[in-house]
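K.L.:
Protein sequence lines correspond, in order, to chains L and S. First residue of the first sequence: 247, per the working numbering; consecutive thereafter. First residue of the second sequence: -6, per the working numbering; consecutive thereafter.
No lab work stands behind these hints: they were computed from the structure. Every residue gets a Cβ at the ideal spot worked out from N, C-alpha and C, and that includes glycine. Mixed in with the good hints, there may be bad ones.
Said to hold, decoys possible - Computed cross-link-like contacts, BS3-like style, restricted to lysine-lysine with a CA-CA straight-line distance of at most 27 Å:
hint	chain 1	residue 1	chain 2	residue 2
1	S	LYS411	S	LYS497
2	S	LYS394	S	LYS497
3	S	LYS149	S	LYS230
4	L	LYS387	L	LYS431
5	S	LYS178	L	LYS344
6	S	LYS190	S	LYS411
7	S	LYS230	L	LYS457
8	L	LYS344	S	LYS185
9	S	LYS427	S	LYS438
10	S	LYS394	S	LYS359
11	S	LYS487	S	LYS190
12	L	LYS457	S	LYS185
13	L	LYS344	S	LYS411
14	S	LYS335	S	LYS305
15	S	LYS178	S	LYS370
16	L	LYS344	S	LYS190
17	S	LYS411	S	LYS491
18	S	LYS190	S	LYS230
Stated by the list, open to error - Residues from chain S shown here face chain L by an in silico Cβ test under 8 Å; the list is partial:
hint	residue
19	PHE9
20	ARG10
21	ILE382
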Amino acid sequence: MIDVTGSLRRAWQQLIAHIDFPLLLITLAIMAVGLATVNSATIDSSHRMMSQAGNMGLAMVIMWFVSRLPPQKLMSFAIPLYVLGVVLLIAVFLFGIKVNGARRWLPLGFTRIQPSEIMKIAMPLMLAWYFQKYEATLKMKHYLVAALLLFVPFALIAKQPDLGTALLVGSAGFYVIFFAGLPWKIIVGMIAAAAAAAPLLWGMMHDYQQKRILTLIDPTTDPLGTGYHIIQSIIAIGSGGAIGKGYLNGTQTHLEFIPEKHTDFIFAVYSEEWGLLGNATLVFLYTLLIGRGMIIASGAPTLFSRLLAGAITLGFFTYAFINMGMVSGILPVVGVPLPFMSYGGTALVILFLGIGILMSIHTHRMLVKK
Amino acid sequence: MGNFHNPEADLDRFRFRLGFAAVFVLFAFCLLLGRFFWLQVIQHDFYQTRAEDNRIALIPIVPNRGVITDRNGVVLAHNYSAFTLEITPSRAGDLEETITALSEVIDIQAKDRKRFKRLMDEAKNFESIPIRTRLSDAEVAMFAAQRYRFPGVEVKARLFRQYPLNNVASHAIGYIGRITDRDLKWIEEAEKQANYKGTDHIGKNGLEQHYEFELHGETGYEEVEIDAGGRALRSLKRIPPVSGNNLSLTLDAKLQEITELAFGDRKGSLVAIEPSTGGILALVSNPTYDPNLFVDGITPDNWKELNDHPSKPMINRAINGAYPPGSTFKPFMALAALEMGKRTPGQAISDPGYFNFGNHQFRDDKKGGHGMVDMYKSIVHSCDTYYYILANDMGIDNIAKFMGSFGFGQRTGIDLGKDDLSESKGVLPSQEWKRQRFKKPEQQKWYAGETISIGIGQGYNAYTPIQLAQATATLANNGVMFRPHLVRHIVDTKTGEKRLVEPKPIRDLQLKAQNIEVIRRALVGVNKEGTGARAFAGAPYEAAGKTGTAQVYSLKGAQYKEGAIKKELRDHALFIAYAPADKPTIALAVLVENGGFGAQSAAPIARMVMDYYLLGKLPAGAAKDDPAAIEEEHEE
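One chain only, chain S, in its complex shape (with noise of 0.2 Å):
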């Protein structure tokens, strides 16, 4: 080559060796037709017997998926068998024909003749495909004398989700449902595509989303003998399958119940906790659904009818709604203010009914205002214009640094649905909120009179019942803070072992101790002398609480009259409690969409569940829906 370089030479160099390239491609794929020469013509025979006689096949066995018990040990959810009728289409021969004839001994209607079709376009040729679900043991029977008239037709045992007490806690257990390719992905992300094969359930919601890789259980196998159609001929080897954890919960399965039936026909929510630990007590989010419905597949009417209710029952109201707190942000804003030095408690202010910033009123509930307002008194009667004040002279920032670090606005964490994403965060306003949220300058600029009616717990202000539910538990567990769970422990079925969810809180708030005991005798007023009075009245221990009304409708200056307006656009009612007021077992929040005045209709509710949780018991006289009743309790 040297340094001396030749245009003309290079190429026809290039072109020699391109040919040379040439010459061995050449080679290799003849190489490689002599190969599929000698596989597919020579050894054809050899190769074509060894096709037939290939009939080792790796069949799943599916495991057993792990029971949810709650706390005392009441089954939420579990596995039943039952006989199923099947067909394997690849060897019944003309399948119209099949379940026509099929038709006259056993019942077989038209839906289960829809769900088979679904099935069918599914599957593998040669699995077997459910008919008929659950047969009497008289079909089975019945089917077994005639059995021979129909090949490929068989009664197999398969096991079926069950949730036996249907409607109640359906928001906290879910429910499973056939694998859709988003499940698909779902579980190659994962990266269990090898565990998920045969399972044709998933998790699709709550507790059985979350906790699916735990409740799933590890694929068994069968080595099975089968011919070239795919018939199972004999089992040669069996690994057994390993059945999925067993969850036990922190919910108490009656009070979740007693709570279900307290909300009747209302919309709403309410989620109690233990303080000292976070675990749910119950979670309740009315109208509710019966799961059981999802696991053979909903039919159309169901999902319709499920979907296009105008109150919405799969929606998770506890996690998903996001309401104003209302009056029930007061305490709250209260222990700000003596947890940063705006305030002491004896310091009081002359309320005259109305709160006068730049050239807008914002006005107390009560004409006239409630003279001379301390902070314990700010509270028993929910004076507004103690809080407008005080909201004015936090500002929104100082307000959004320590309702954050109660958890107002951000996810708790808690353990339903697929990841963090499931539950709503809500809206904890702040200056650098409105920046991000808007998108005009104008629009994004804080206005200091947007401060004011934040301190009451409206303006911008929408929190989960969940969030509501765990601020109220730190502010019951002394500012130790404890993220909502649902399960108390797993329960490894393999060994036996117990593992503790949540054996650790996830922060202390390092609150002042007599500021908290300033806030828990207030709050013990309420119900004593203050807008809870009514709701608790004879209650034999002592309870913390606070009622609140969220605005649905601005009234723009008229007077609110609850017969005036519609349904939809009444007021939500609210109630927060802790009980026993000293050494708090259970702390809760009340929504009640629509309800009118908290004292009304959310207060009575949390007198239920605390009677039941605390006393064991169904209070005769609790208070009623009762119009009579609200002048007194109008100061909110």
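Next comes chain L alone, as it looks inside the complex (with noise of 0.2 Å):
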């Protein structure tokens, strides 16, 4: 049999066929450093590292199959995706359970989910699909649907009460009406009414969000309380210093002073560990992550694929920025775990059909432009 290689070669190239490699080999090289992390943060008790690489295997299994979804079969999902998160909204504002204080969870019998999850992915998919319908038409009662269609899901999310998650969907749908063009004179009126409203705000917030804000400005208020995961945390980031402590060496990590440190805290772990060297890799790491996300928004053949390309890197920064932002101490505490770093499987299946989404988006274009 002659064409034995021959046909494995296609066979392979078939199955490679929809993966971008750069891409690929940025979120390979961020969960190394991240897999390490997990494994420093755990060694000492519950060895996560394992469990981790599984997550990640089974993310990458569902990118692959996404990114063989040609962009108009994901349209097709844009407007159930939608419906289906907001009706599993509804059920967790009606019959969630609540678990901390918070109504985020929707029990299945067997086993329980966190709707607002999926609408990580729902959210930019149903308005960059809603953009996509009217590109033709656009007019400024477009933008004002759109709004309503973000605003319903954010509002039910924020209620539960979640805020992490309530910016995180609500930028990525807000990245999606940027990029359809909202005029920036709406933008900028946008923010001073926000600035304006701060107080009234305010007031609307539960008191762990207020005092978490408080302790935002001042940590040391509540040392044993809502500040002291964040004085922890910023003394290891600190004492970690321009080179790091070495592996394994993290005295706050190791003697148990960092909160929650496989998950939302793990960066102060790698931190502490590996030095502003460590750092500035890893934002580099993420820099060319949203670098590449933007050369396959940028040569995205429709509006819609466009516009979710574009609202999904966005995305991927957002959770960075604010969760390296809120461990270092400038921005609040929200629950938002770092990408690709953070344990969490739940967290790496969203992460990677995004991955999967803008592959299929790069990967498909030569079909569209005929």
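Need the complex rebuilt from these two chains, each delivered in its own frame; the hints are there to steer you.
P.N.:
Here's what the structure looks like:
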């Protein structure tokens, strides 16, 4: 059989046909750093590294599947996914179970799910579809409808209350509207209005949210409560210095001073052990990821794929910036994991759905351009 | 923007906005890098010092686990304090050297080293890990004299779980063992992680597992100053732990012990229940095991021996063994017939010694039959033919409905193990059951011929001893049913308050008093003039009972000859009883695996249990395994 290698090669090429290697390599690099850090964070107790590696494998399989779906197929998911997400959010509002004072989970008998996670992808998908549909006749009222589509899930999630996720979902939607051409004067107007409404918003916030913001301004006011996390993680980062204390040598980490150290605060663990040098490397890797995403967005052939790629890419930025910002003490503590670094299967799946969509848009672009 | 749409301009605008976003991203990341530079370079010295000064650690203080006592206050599980020799690896230097030097002062064996290695893999670096447990006073003194030679090694007092009665009631009490990944998941699901910091043992089985969150208690904390190496320097604040709640059982430890002795080396189970409450007086599964073996982590040799033993001591036969009830099923069948109006007590059949159905002959144990048999005689002499015909008249679904109400084929909800699934369901055969049990359509169909042997407790019938005991207790209690339970009350250590576990019955079967009376008279007759007469000869109280023999091995028409059959294939012997018959205080079910006839091996155990419980003594002339005694009792 002469053609065995030939057909093997063809099979292989078929297999990787929709993989974007620059994107894959950058994510793999960040995940390698993440895996090593999860190992350091959990080596004393729960040993999560292998389980995280499993999560990564599973998430990448999902990415592979999504990357093979053409963007037209993705468009057809927009409405069902969005409607499903909203219905589930309403179900959470009505029947959800309370964990730690927040109603975020929906019991399904055998397991429980957090429907707000679905919205992280469903929101930009829906809005991108919407603008594509009215591309030729775009008017002011379409922005208003888009804003409404954005607001309903946002309010439902914020009400749970889950400020972190609400912010992520809200920003993902806003990016679509922004890229679709929301006039600058409205953007500037909104910022001004937000500044004016800040006191009003403050009154509407839950006690614990107010407390978080207060302790952000001065963490030392509550050293054993809300401020404790932040103080300890800033000490971890600061004591890491220029080149860090060395892998597995972080005292803040291994003497158990850092809370949530394998999930939301994993950056403190990394930063303590690898120092400024490590931080700069990580920020550089994220910049590459976002850069690649923007290149894909800029080359995308349709309005739908352009808006979706742009919003997903800026979504990665938002995750990374908010997480590193909160852990280093310049943003309030909201529950946002560090993309591709924090332990957790659900977050990884959502992230890789995004990567898969970017790959799909990029590898199907020729087919659309004829 | 307006109505005019220009794709080129749109793309340009998109790219401009993308560029704007890129600039914003770079700006934000620079801001972050600036923040990092500030913290890690400019403020580095400050935070470096803070990290080194960072020395307030919260050290969990594990609470005392609750004590388990029997109904008379006899301790079944408690904790004792013992000295252990512990090493803190981060402070001890070379571990191998340290341990070798230590072994010159104190006896350290290979298994101690092995356990130390295993614990070290699981523990945190700055925790101390036991190398030797249960030091004698002399050993403590010897180590104290040489202590200066061993930095990072110290003698500590730790609490150990102990089961003072060793093997007695091991299947009821269960045991604790080291927390595994599975247990961790359980703790997480119960959202108890915080309370289990510092705890390394958890209930694995029986009551220890079922009441884990009652027994555990609330973990306390000590705020201590530690140095960068994790050494504790001084205590700042202490929040004491709250001991776990104590369990006071309905179980009678002495009764339990006597029963286990009565079983000897025979396999089997006995469950004795107080009918008026559902409280379990004895729960035996023989053979037993010593739960103390598990507390420090069972050695592989011991585990292998327990697990591979042919008589399976680790299985709790009382709740996980399902056996055909044999003739002990008959009184319930008779009651069903009365309640459903299918028979009157005086209605008699003529028993030729067999019952023909289709072209199959169902035979009675007694050749030539029992002659004319009414309900009383059918129970007292255990006539099979009577019940073949009755089962055929009632039909399988009527039988299943009535038996289901007595709890047959359903989990009793006894308070053992992690959840309901720790208990087996058994099999209550019905048309519906068969449809679900089998896959092929021809197997799913219920054949009327299959109903016949259901009537004498054979066929698909399979029930756990606890179900049989619960049904007997319900019968003794005039149809008022309680959930069998082992814990009478939980004593809250904080308030001293006693919480009753089972204050109310779960249901009343609404049985007719005259019907219950018919069955009661017949069951008393069994022990006076029937198959139980020899075992209960001379008993000063009136006991109701029924013998049973469950076929393990189908003889396919051959004559049953005990000696000719291998022991494992011999029939199971059963006996159910309650006493005193007019006002029962104890109801029980006995099963002896491969014990042959119920009258021969199961009934004498019931007699011993009742003699002790009702009279406080062991009977001197209790019936023994005597082949000569079988002749007349052959009738089951």
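K.L.:
Taking the hints in turn, state whether each one holds.
P.N.:
Verification of the supplied hints:
1. S:LYS411 x S:LYS497: Measuring from Cα to Cα gives roughly 23 Å; hence the hint holds.
2. S:LYS394 x S:LYS497: Roughly 24 Å between the alpha carbons, so the hint for LYS394 of chain S and LYS497 of chain S holds.
3. S:LYS149 x S:LYS230: holds, 21 Å
4. L:LYS387 x L:LYS431: Measuring from Cα to Cα gives roughly 16 Å; hence the hint holds.
5. S:LYS178 x L:LYS344: Judged against 27 Å, a Cα distance of about 19 Å means the pair holds.
6. S:LYS190 x S:LYS411: holds, 21 Å
7. S:LYS230 x L:LYS457: holds, 26 Å
8. L:LYS344 x S:LYS185: holds, 16 Å
9. S:LYS427 x S:LYS438: With a Cα-Cα distance of about 7 Å, the restraint between LYS427 of chain S and LYS438 of chain S holds, given a limit of 27 Å.
10. S:LYS394 x S:LYS359: Roughly 30 Å between the alpha carbons, so the hint for LYS394 of chain S and LYS359 of chain S is violated.
11. S:LYS487 x S:LYS190: Given that 27 Å is the threshold and the Cα spacing comes to 21 Å, the pair holds.
12. L:LYS457 x S:LYS185: Satisfied, since the Cα-Cα distance of roughly 26 Å is no more than 27 Å.
13. L:LYS344 x S:LYS411: holds, 24 Å
14. S:LYS335 x S:LYS305: Measuring from Cα to Cα gives roughly 43 Å; hence the hint is violated.
15. S:LYS178 x S:LYS370: violated, 57 Å
16. L:LYS344 x S:LYS190: Holds, because 23 Å separates the two Cα atoms, which is no more than 27 Å.
17. S:LYS411 x S:LYS491: holds, 23 Å
18. S:LYS190 x S:LYS230: Given pair LYS190 of chain S, LYS230 of chain S holds - Cα atoms ~18 Å apart, limit 27 Å.
19. PHE9: Violated, about 10 Å.
20. ARG10: holds, 6 Å
21. ILE382: violated, 46 Å
In this structure, the earlier hints numbered 10, 14, 15, 19, 21 are contradicted, and the remaining ones agree with it.
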